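*Asks:* Spelled out, the chains give:
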Amino acid sequence: MAHFDPNAKPFSHQWMNDRLAIDTLKRVLSTEYWIPKNINFLWAMGMVLAATFGVLLISGIFLLMYYIPDTKLAFDSVNHTIMGEVGYGWLWRHMHAVAASVVFLIIYIHMFTGIYYGSYKRGRELIWLSGMLLFVTFSAEAFSGYMLPWGQMSYWAGMVITNLFSLGSLDLQGLVEWIRGDYVPGQAFLGRFFMLHVVLLPLIIMALIVLHFGTLRIPHVNNQDGEEIDFEAEAEKWKAGKRKEAKVIPFNPVFMSKDVFVLGIYFIIYFYLVFYHFEFAMDPVNFDPADPLKTPPHIYPEWYFLWSYEILRPFSKNAGLIAFGFAQVIFFFLPFLDRSPNVAPASRRGLFKFWFWALLIDMIVLTIMGKVPPIGIYTTIGTIAAWTFILLWVALPFITKLEKPIRGQK
Amino acid sequence: MKKMKELKILAVVVFFTLVTYWGVEPYAHSVMHKHVEFKNFKYEDLKPISAKGDAAKGQALAAACAGCHSIKAAKMPAPMDPVTAAATYGVNPPDLSLAGAVLDEKYLAHFLKDPVHTAMVAHKFKNRAYPMPPMATDDQSAADLVAYFKSIAPKEVTPKEAYEFACGRCHEMRYAKWTQIGEEPKTKPNIQTHMNEGKLKFDEKLAKYKDHLVKYLGKLPPDLSIIVRARSEDYLKTFVEDPQAQLPGTAMPRVGVSKEGYEKVFKYLEEVGDPSKPKREAVGPWVIGYFIIFSFLAWLWYKSQWKGLK
Amino acid sequence: MSDRRDFFGKALGAFAGLGALGALYAAKRTWDPLPSVKAAGFTTIDLSNTQENVLYTEMWRGKPIFVIKVPKNAKPSEAPNGNMENAYDDKRLIKVGDSKFFIAIGLCTHLGCIPAYYPDKHKFICACHGGQFNAAGEVLKSPPPSPLVIPPFTVKGMKVVLGEAGPEYKKLKEAGLVA
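Residue numbers (the numbering used here), protein chains in the order written: chain A, -10 to 399; chain B, -19 to 290; chain C, 509 to 687.
Accuracy of the hints is not assured; some may be wrong.
[To be verified] In silico lysine to aspartate or glutamate, DMTMM-like type, Cα no more than 20 Å apart, as pairs: (1) B/K190 <-> B/D75; (2) B/K157 <-> A/E74; (3) B/K104 <-> C/E586.
By construction, these hints were calculated from the structure, which means they are not laboratory data. Nothing here was measured: the structure is a model prediction, and the numbers come from that model.
Make the full structure from the sequences, and use the hints.
*Replies:* Here it is as structure tokens:
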């Protein structure tokens, strides 16, 4: 039976503590949540992502008040009402568009940090998997959001991407029409993607963020050397005042102080982009209203989808779809394809070192080739890069199996 | 040592980010879009006209223009309303009051002598007559007419007027309530029936006008409300200067605006298409300045927290 | 006793699963195209009162559809690449009654403009970028990369239903002639 002090003043510290255990909550979630000391600024990317999601959520709420999900009115509600009439409407839209693009840059940095330091194994598999689920949901969120202004790129990207679900020679037109709710993208299509973008997917994202944080709790955050730390023992050192000897720091305020500094720098760059350099996130083609009778000369997705789009392009229809499907799911399998027990930076891991940089460069090549028109030399480069991507993943279990265990690690 | 390592990591991240940006933005766009040299609205394919114009003689010649065009600056009214004019000619002929202010002098002289080739629309008029006949038989009469148009043109032309003269009879601009037959009238619906008769009547006229325009050009020219966001600045000026170079076969004529005339038109396109630009420029430095101070304070906090940790 | 507890727990779980399946079915149905959308997806064209060499334009799924009863001599007046074949002999034409019809989506395969038909020249000319097609929709002059697209159709007497792939359409499709 819990004890409630009848003399405690309502909302006083003790009154709150009796009812909500705020002291315990604070200890568990912040002052005694231990983070390794041996980290660099890349460890702040999680916080940067959370903050960017917050920016997207808040700017999205303001956009939602004037956006009209009607194929006849959507374009003008965005480009005239929000951009021209609503006070600071232009700011919310630019913030929303730039954040939607930048969030993927940070996600990729966050992912490649995890790959580089091996932060997806030895108890951290679920961190990786929940993170990948977040990546996929963010992708769906970005795509559905891209439909909403109902410009030329919205319409034709919607057409091309939903067409993929006919699954090549299977020719599942029925499935495509079911997804669209029409034979071509129309009112039903816009309505359901609006629902996905503003309700269902944000809810799933928020739930996944909680799960992602939860998966961190027991294995703890990795560190720059992949060292296995006895967090209980190190925490005792910290609590005993041995700040220098302890290998850990509390999340709040020590780790947070660095995160907030990185956030500050990040927001300087972010707002520079919002005010002076937003074109990269707001494709000019989408400022032409959707026209079902006129295909734009070049159809390409936003930059963060280009690498997987390029894996689709160089092959024949069916093979391309299979390669595309492969690219979508293969990252999920990373913890199980990496057969080496070593948790260490890629630079200390034999062939994996080359594998890491090859993958990064190959994905950048795919990204660039995904945007340029598929002609001449670009097709050749794209095909080679697509094959390289597939072969790298096929090779991963073998080269990691060959890897020698690093001394002191199991 | 430790600090250097973080900076090195930062350099690697920045490097790969910039390479990706360069590839998908400047590089990809340079491959996707045809490069057309901008020639500063000099119209070098047209020979210079050496003849000196006489505005008084030009005025006498201009009487012939009034058969189709209005010249409000000289108190000459339009011979017919826009819809009837479009039914007759395909498009409503422009009021000529601003011709001397917005169009390039040399272009205008050549246009008066040989309209179809100067406007670069010969490919659209192989089997039918261009509605504008040549009005000047030689350099002298062309120069006289140009001198006359310059003499009646107002000293100051607003960006909006320049747009209406140069673009507005083919391109609507719904965010500025502009249609091809003029500004949308401010009409009110009947409070009993909720029917807006005035608007319906106007729309009927507009529908007819657009119909004539589509027959004349092959398709309806795009609304230019946010064309400044949909096309780059470079594309717009090279396209207006020489439409065929950017889009071979297009029905868009070479309008022949002067450099100053184009700047006026562009200013209007920007005012309507990107109204937040002045606000962005006003607010931007404050927000960025705020985060610079924020980062400095955060750095001080970070330093104090991490002191004696290593 | 504990077996019984387990059994009832599992039975309840299975029953809840059944309910979830039912709800899922309702959700699937909600995403189906509406009857009004489906009805608009099929367009019936009556060809009994058509005149030769006249372009009829219909709408189908938001796209313009061109219909021409092709006359016996439908030679293009001139063809820049020398393709002067009579469109009447083209395999893409659809036989309805005693006549041959050209039926296709009226969008230029280059950039989707709507080409205009010139009956005296027996060809289409696209106003946007100068592409040309003959009266069977074959390309006479680039930039269009491929002929005008034939939509799925089925012939019913003197009527043609667009949106339904009949045997004639399937034959054309197998021969690679629909686009």
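*Asks:* Hint by hint, note whether the structure agrees.
*Replies:* Structure-based check of each hint:
1. B/K190 <-> B/D75: Holds - the C-alpha atoms of B/D75 and B/K190 are around 19 Å apart, at most 20 Å.
2. B/K157 <-> A/E74: holds (14 Å)
3. B/K104 <-> C/E586: holds (17 Å)
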